[in-house]
Each structure stands twice: as structure tokens, then as C-alpha cells.
Amino acid sequence: QKEVEQNSGPLSVPEGAIASLNCTYSDRGSQSFFWYRQYSGKSPELIMSIYSNGDKEDGRFTAQLNKASQYVSLLIRDSQPSDSATYLCAVVAGNEKLTFGTGTRLTIIP
Amino acid sequence: EADIYQTPRYLVIGTGKKITLECSQTMGHDKMYWYQQDPGMELHLIHYSYGVNSTEKGDLSSESTVSRIRTEHFPLTLESARPSHTSQYLCASSDLTGPTVYGYTFGSGTRLTVV
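Keeping their order, the protein sequence lines are chains A and B. For the first sequence, my numbering assigns the number 1 to the initial residue and increments by one for each residue that follows. For the second sequence, my numbering assigns the number 1 to the initial residue and increments by one for each residue that follows.
Heads up, some of the hints might be wrong.
[Stated by the list, open to error] Here are the simulated EDC-like cross-link-like pairs (lysine to aspartate or glutamate), alpha carbons at most 16 Å apart as the crow flies:
| hint | chain 1 | residue 1 | chain 2 | residue 2 |
| --- | --- | --- | --- | --- |
| 1 | B | Lys57 | A | Glu96 |
| 2 | A | Lys2 | B | Asp95 |
| 3 | A | Lys97 | B | Glu56 |
| 4 | A | Lys42 | B | Glu56 |
| 5 | A | Lys2 | B | Glu56 |
Source of the hints: derived by calculation from the structure; they are not laboratory data.
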């Protein structure tokens, strides 16, 4: 089992709709969780961090964490074509290193 | 402005050449990392450092080596480049405080092509 698992997609969402990206992790001791956005040919850019159970909102982005289910998600409201990118889930486990998922490719359809 | 810099941005080099990819950060972060990423593929950690004179190999075996003589500088060296080394190399740094890690900051990357 991979330490961090994401649906590889691709995920296609109409412009203006809600995009939902999911991630599960295997280490119950994980305490820090991140979502990165990576445009093709570019480096990853941190867009959300979450450390405690519940929801965290930042503009059109909402991160959700459920440690009991070992599940973290990212919701993007009012999706825009500029949101088309690969989204990487990353988790800090006991070894204090960031482990990345394989990423979900999101396409927003105008 | 605090940031992390990688040079060169693009590099095309012949087989057998020695190359050094530069990475510098101005944030005073103790922890620095090198990742390798092929187009459309996942990130693989190849080296990391938790401070001066501390370097460790990552999860993916790599023929490259690294050094950390100064906090702000974490160069990666390939003694003899091969076509199999063609990839994007991403440098990152982070500030670890207790059990909460603040997300890594990535440089712009170096796209290496070995011909």
C-alpha cells in the first residue's frame, strides 16, 4: 500500500462547478497535510495546509481532514480554467519527511 | 524577498560530462531537499539535508551526490551524466518547528537533458 494515495484522474469538471480531490494516507501518526498545485512544466506551489480535523477555507479552496478515516480532501468552488493543473496531496509522517501522492490531473472545461 | 533559487533553468549537456545543479535559499531553512520528476510522473525524493554537513539519500536511488557546506546552499552533482539522467530536478526547503511542518517551498527547477 502506498503511503499517500490519490486518484490519478484525469478529472474533468465544468467551469463554475465544484472540483473535489481526494487523498488517503497510511501513517496514523501523520500530523501535517498539504495540497500543492503543479502546472505542466512548473514546480509545485503550496495552496493549502491543514493540521487538525475539520475544514479549512481559503478563498475558493477548502481543505478537509478526517484523521480517523485517514482522509484529506480539497474542494475548489467556482472552478476556473486557470485551476486546470495537477494537484498533489502531501503528508508529513513520523519520519518528518513530506511524502507526495502521485497527483490528480484536473481539467476545467469552459 | 525570501525565496529559493535554482540554476540553470535548462541544461543540455553531452554524455560523460560532470554537472552541478545549484540551489540556494534565503529563508534560513535548515532542511533542504532534492526531488526528481519525469514529465507527468510523480515526485521522487533523491537527497535531503537537515543542516550543515548533514546529507542523506532519499527514497529513489540516484547516482548524484550532494553537499551542504552552508545553510543556504545545497548543490547536486552528477560526476558523469548519462541519457538516463534526463529529467527535471526540483530543490525545496522547509522550516520544521516541533511536530508541525510548514509546507516545502520549491525552486523553479532545472530541466536537464543529456544527449
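Hints and how they fare:
1. Lys57(B) / Glu96(A): holds, 15 Å
2. Lys2(A) / Asp95(B): violated, 26 Å
3. Lys97(A) / Glu56(B): holds, 12 Å
4. Lys42(A) / Glu56(B): violated, 26 Å
5. Lys2(A) / Glu56(B): violated, 22 Å
In this structure, the hints that do not hold are numbers 2, 4 and 5, in rising order.
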